[in-house]
Structure formats: structure tokens, C-alpha cells
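Novice: Listed here are the chains, written in short residue letters.
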Amino acid sequence: MNNKLGDQTIIFNNKPRIISNYSIVGEKEGNGNFKDYFHYILKDDLFGEKSFEHAEQKMLQFAIEHSIKNANLKINEIDLIIGGDLLNQIISASFTARHFDRPFLGVYGACSTMAESLAIGSAFVNGGYFNNVVCATGTHFSTAERQYRFPLELGNQRPPTSQWTVTGAGSSVLSLNGTGHKITKATLGKVTDYGIKDVNNMGAAMAPAAMSTLISHFQDTKTTPDDYDLILTGDLGKLGSEILMDLMEHNGYKLGKNYNDCGQMMFNNNQKTFQGGSGCGCSATVLNSYVLKKMDEGVFKNVLFAATGALLSTLSSQQGDTVPGICHAVVIERDESKKENKK
Amino acid sequence: MEMFLTYLKVFAVGGLICLLGQILIIKTKITSSRILVLFVCIGAVLEAVGLYEPIANFAKAGATVPITGFGRSLAKGAIQGVKEMGFLGAFAGGLTATAAGITCAVVAAFIFGLIFNSKTKKF
Amino acid sequence: MKKEKHLSRNEQYNIYVEAKIPKTKSFPSLIYSFLVGGVICMIGQGINDGLMAIFPTMGQEEANSWMLIILIFIASLLTGLGWYDRIGVFAGAGSIVPITGFSNSITSPAVEFKKEGIIFGLCVKMFSVAGPVIVCGLVISFITGIIYLFF
Numbered sequence: 001m002n003n004k005l006g007d008q009t010i011i012f013n014n015k016p017r018i019i020s021n022y023s024i025v026g027e028k029e030g031n032g033n034f035k036d037y038f039h040y041i042l043k044d045d046l047f048g049e050k051s052f053e054h055a056e057q058k059m060l061q062f063a064i065e066h067s068i069k070n071a072n073l074k075i076n077e078i079d080l081i082i083g084g085d086l087l088n089q090i091i092s093a094s095f096t097a098r099h100f101d102r103p104f105l106g107v108y109g110a111c112s113t114m115a116e117s118l119a120i121g122s123a124f125v126n127g128g129y130f131n132n133v134v135c136a137t138g139t140h141f142s143t144a145e146r147q148y149r150f151p152l153e154l155g156n157q158r159p160p161t162s163q164w165t166v167t168g169a170g171s172s173v174l175s176l177n178g179t180g181h182k183i184t185k186a187t188l189g190k191v192t193d194y195g196i197k198d199v200n201n202m203g204a205a206m207a208p209a210a211m212s213t214l215i216s217h218f219q220d221t222k223t224t225p226d227d228y229d230l231i232l233t234g235d236l237g238k239l240g241s242e243i244l245m246d247l248m249e250h251n252g253y254k255l256g257k258n259y260n261d262c263g264q265m266m267f268n269n270n271q272k273t274f275q276g277g278s279g280c281g282c283s284a285t286v287l288n289s290y291v292l293k294k295m296d297e298g299v300f301k302n303v304l305f306a307a308t309g310a311l312l313s314t315l316s317s318q319q320g321d322t323v324p325g326i327c328h329a330v331v332i333e334r335d336e337s338k339k340e341n342k343k
Numbered sequence: 001m002e003m004f005l006t007y008l009k010v011f012a013v014g015g016l017i018c019l020l021g022q023i024l025i026i027k028t029k030i031t032s033s034r035i036l037v038l039f040v041c042i043g044a045v046l047e048a049v050g051l052y053e054p055i056a057n058f059a060k061a062g063a064t065v066p067i068t069g070f071g072r073s074l075a076k077g078a079i080q081g082v083k084e085m086g087f088l089g090a091f092a093g094g095l096t097a098t099a100a101g102i103t104c105a106v107v108a109a110f111i112f113g114l115i116f117n118s119k120t121k122k123f
Numbered sequence: 001m002k003k004e005k006h007l008s009r010n011e012q013y014n015i016y017v018e019a020k021i022p023k024t025k026s027f028p029s030l031i032y033s034f035l036v037g038g039v040i041c042m043i044g045q046g047i048n049d050g051l052m053a054i055f056p057t058m059g060q061e062e063a064n065s066w067m068l069i070i071l072i073f074i075a076s077l078l079t080g081l082g083w084y085d086r087i088g089v090f091a092g093a094g095s096i097v098p099i100t101g102f103s104n105s106i107t108s109p110a111v112e113f114k115k116e117g118i119i120f121g122l123c124v125k126m127f128s129v130a131g132p133v134i135v136c137g138l139v140i141s142f143i144t145g146i147i148y149l150f151f
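Protein chains in written order, with our numbering: chain A, 1 to 343; chain B, 1 to 123; chain C, 1 to 151.
Please note that the accuracy of each hint is not assured.
[Stated by the list, open to error] Stretches of chain A that chain C covers, calculated by requiring three or more beta carbons in the stretch to come under 8 Å of a beta carbon on chain C: (1) 190-204; (2) 239-251.
[As the list claims (entries may be wrong)] Covered, in the sense of this in silico footprint (three residues per stretch, anywhere, with C-beta under 8 Å from a C-beta of chain B), are these stretches of chain C: (3) 28-42; (4) 72-78; (5) 107-120; (6) 137-147.
Hints are computed from structural coordinates only; laboratory data are not their basis. Just so you know, even glycine gets a beta-carbon here, dropped at the ideal spot from N, CA and C.
If we strip away everything but chain A, and leave its shape as in the complex, we get (with noise of 0.2 Å):
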């Protein structure tokens, strides 16, 4: 059986589901719009923890032991745990995944770390190498600021085109035994760069990426944005979403009502966040949290979970290079089962 869709396109015949999720996000995450999706809310960013990368850890440990408990399954049977996030080293998934003493893949793909760790985590279940696979990403936004940018009390302001960078962490279960919304294809992206080098405007550098991989995905699997209830990208922002529908549009492919940015959704206009969410903690906590109660009520059945990633350092900034993007895409399905379940 060919499990290959055109160029960049894998189909997953066995199905894997998402048996379970959690997600875990800080205080001003919890005031945003999606507060009562949200399964844990912080009301200290610090989590009672030493230092904001501890508290990254701990965030990320929390969600992935929430998740394999509403699974209903004990640390032991998960096969797998495939994590990453923003920090140097990804040492915020690995030194989390030693507290679990399984086996880990850590992968990095910046802010699409959660589409990309989906993406591999479905091969391994599809494939029969695995049973259970856990998906996790995190972010803190204290952890990347004082990396990425400035110390926290500096006075500075934010630019306009910034984005803030999510406090929070999501995770998946990925199984074939099992009810849950059932992961079909997967397309895997190319690094895409428009030569874009304002690093305050993670938008514009990877609405390209975004544009690239839609359009593959839908060249690849024959389908069409109107195809899908859910096109959702990980974290553009405002303007970047509306580049990327200006992107798509000029290659001929409409983004209409069907299509979101996690990053837009994420904040209310209340919270200055300028152009909304980011940071991989972004899609994986919109993904597990309101995406898939939503489909679990029936109102998305096929969505289009698209996460990008600005694949840049300090270093690399520093040295006046430009920013590339990344995305990953996963076709999400609903369950169909889980309806008369609920009737």
C-alpha cells in the first residue's frame, strides 16, 4: 500500500487517535479567550518553583502526567514521549522526560514542535513500532523572553508587530486502541525563507513557510481550504495570518471563514499583546484544549492543524541573518463514535 500522497504528504492508514489531552497555561494565558477550555490555569508563573525554566519543566510534567492519566493508562505503557521547546538544548523536554524513565525523542521545530512531534508520534503508531506515544511541547514565557530577548524589568517597549510568546504546555496521547479524533495525514514542511530579518516580526517569516505547506497539502491530497472545517496555524499573529491569506490568495487558494491562527485567538485585544501568541506552548495548549472539545462537540470534524516555526537563534540574528520559517501540517478527523457515545 503506497502511504505516500504526493511530494510531502503521508497518509496514516491505521488511524492513530488522540486517546487523550491535556493542557496546562499561565495566569495571563487564563484570562485570555479560551479560559474555560483550558484544563489547568496557573495563578503563579512560577509554579511554585525556583526559576521560570524549572517551572517550564514542571508545566510540561504536569501535562504529560495528566494526559496519560486520562487515558487511563500508567507511565509504563506509554511506548514512547516525543517533546521539544524553545529553550537552548530543548533541556526543558529532555530533563522533563527523565522524570518518567522512558524512552524519548526530543525534536525541535521551534513554534510547529507540536504538529511535527504528531506528525512523527502518528508514523510510530501507524507503523505498529509503538502502542502509546505521548506528544508534549512547552513554553514559558519568562524562559524565552530572557533568552530571546531582554531581561524582564528592562523598560523597553515591545514593537508593535511582537508577539507574546505563550506560558504553557500541551499534550497528546496517540494510540490505536481506543476512542479519540483520529490523525489521518500528515504533511511535512520545507524550510522557507522570504528573507525577512526583523526578528520582531515573527509573522511575516513564517507566513511563507505556512503558504508553502498549505499549498503542498492541498496539491498533494487533491483538496481544496473549502474541504476542511479547521485550517489552523500555529502561531503567525495577526499580521501574519493576514499575509498568509494574501499569500494563498495570490497562489490562487481562498482562506475564508474556515481559517484561524492559534496565536489570533489566543489573546483578547485587552491583553497588549500586540500581534497575539507564540512559542510552541501556543498551538499545543489551543490544539488540546478548544480544537479538539470542539470536535469532540461535533462542531469541527476536519481540521487542518498547521503549526510554524521560526527557525532562528540569537546567534543568528545577532550576525544580521535572515529569519526561515518551518511549518508541519496534520489532518485531524473527527471521531464519529464519540457523538452517539454522548447521546
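On the provided structure of chain A, position chains B and C as indicated by the hints.
Specialist: Below, chains B and C alone, put in the same frame as chain A:
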């Protein structure tokens, strides 16, 4: 009345210098480090060509509190040093004149750095 | 139109993005920076006058130095308490350009990087923002001295 006028001058000149900085930030997107560097250099050059003295006499703290005043002190100190010590003064003068400010900033940063922890930004 | 044809894809994209960036209302931030900057300078003048009134023997230069030290100290304290960055959010250059901004740029990395240790965190990173100011300031002061020496 005279005192009111003095404070008005201080307010206007100090505010104007900051306003210039803000215009630069908006127009050129440069970071605060570069703003500070640029203003220190501007202050030093103005002092060297003898233009800062009249501004300082006119606006008092309005000209000494902004970071341009720091640049001015550096240049003024170097000139003073050269007058007193000759060539050696070019090395020693700048820091001598600004030693109190720099040391205070470093010591205060050290003490408060030990005492306080950073907090997450609210907005 | 002819010229645009020679532009590469990336150049075109950059031009497009530049045009797409929302034009924010910069006017309020200009007002705030002017007001806050002016007020900080007035506070400085107040401290200066106060010192000269309390210590009649104090000269103008000395009072000015004390005034700067007090401002630096206050700004450093406010930074530690986590209040200075909140002023900075709306004041912009109004709180960066005064000497208090210099103090903030030294204290903020000191507070931030303490977790990496006193020596390699606090002490090393202390000048990560303000370092260039001192380096460039000293170089230009040296050049000024040299020029004064020879001309």
C-alpha cells in the same frame, strides 16, 4: 516665579531630549542599547564643540539628567584631565568625572540583584 | 513598474511586508515619552535644589553629582521591585534616555541572571545591555581628550 520658570525649562528640555529618542525608536526600530550609545556620543560631541555648556546653563537638570549629560561629563572630564595631566588625562579624565555615577549604578545593581527576583511581565 | 521586475522574490516580499505592518498610533507614545522624561528631569532638579537648600556649603557640581547618584539608586530600586519596566511600557524613551534608564539597564540583567550564579550570572551579565554605553562613552571621551591635546 523664577523658580517656576526654571522647572518649566527643565521639563521642556528634558522632555524634548526624550521625545527625540522616542522618535528614533519609532522611525528606526533601534533597541534601547543603541539609543543610549547614540545619545552618549551626541552628548560628548556637543560638549567637545562647546555647545552643551549653554544648554546645561539654560536647562540645568533638564540637560544633566538625560544620558546625553553622561556623555557630556565623559568628554568634559577628558578635556579637564588633559588640562591638568596632559596626555595621561585623556585616559583618566573621562572615568574620573563619571566614576561616582557608574560605581553607584554598579553597586546598586549588585545589591538589588542579590535581593530581588525578576517577575513576569503583565503586559 | 520596470524597476520592480528586477527585484528578487525576497525583496518584493520585504517591501510588501513593510507596507502591510499596521501603522500604530505613535502620537500618544511621543506625548508620554515627553511627559515622563520631563518629569524625571524635574525630579532631578528638585533633588538638586533640595540638596543645595539643606547643605548650603554644597556647590552646584557636587549637588548635581549627588542628584544623579540618588536618581540612579531610586531607578535601581524600582527595577528590583519590578516597577520600572511598567513605566517603560508606556513611556518608552521617556524612561530610557534619562540616567535612570541607564541604571535600569544595569540592574535588570543583574536581577534577571542571578539564577545563573553571582559571578557568572549577576556579575558577567550586568553589562549585557549597558556595556556598549560605557565602552562607547569611554572611547569617545578618550578621542575628545586626544583631540583637545593636539588642537
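Novice: If a hint holds in the structure, say so; if it doesn't, say that too.
Specialist: These are the hints, each one checked on the structure:
no.: 1; hint: 190-204; result: holds (count 6)
no.: 2; hint: 239-251; result: holds (count 4)
no.: 3; hint: 28-42; result: holds (count 12)
no.: 4; hint: 72-78; result: holds (count 4)
no.: 5; hint: 107-120; result: holds (count 7)
no.: 6; hint: 137-147; result: holds (count 9)
The structure agrees with every numbered hint stated previously.
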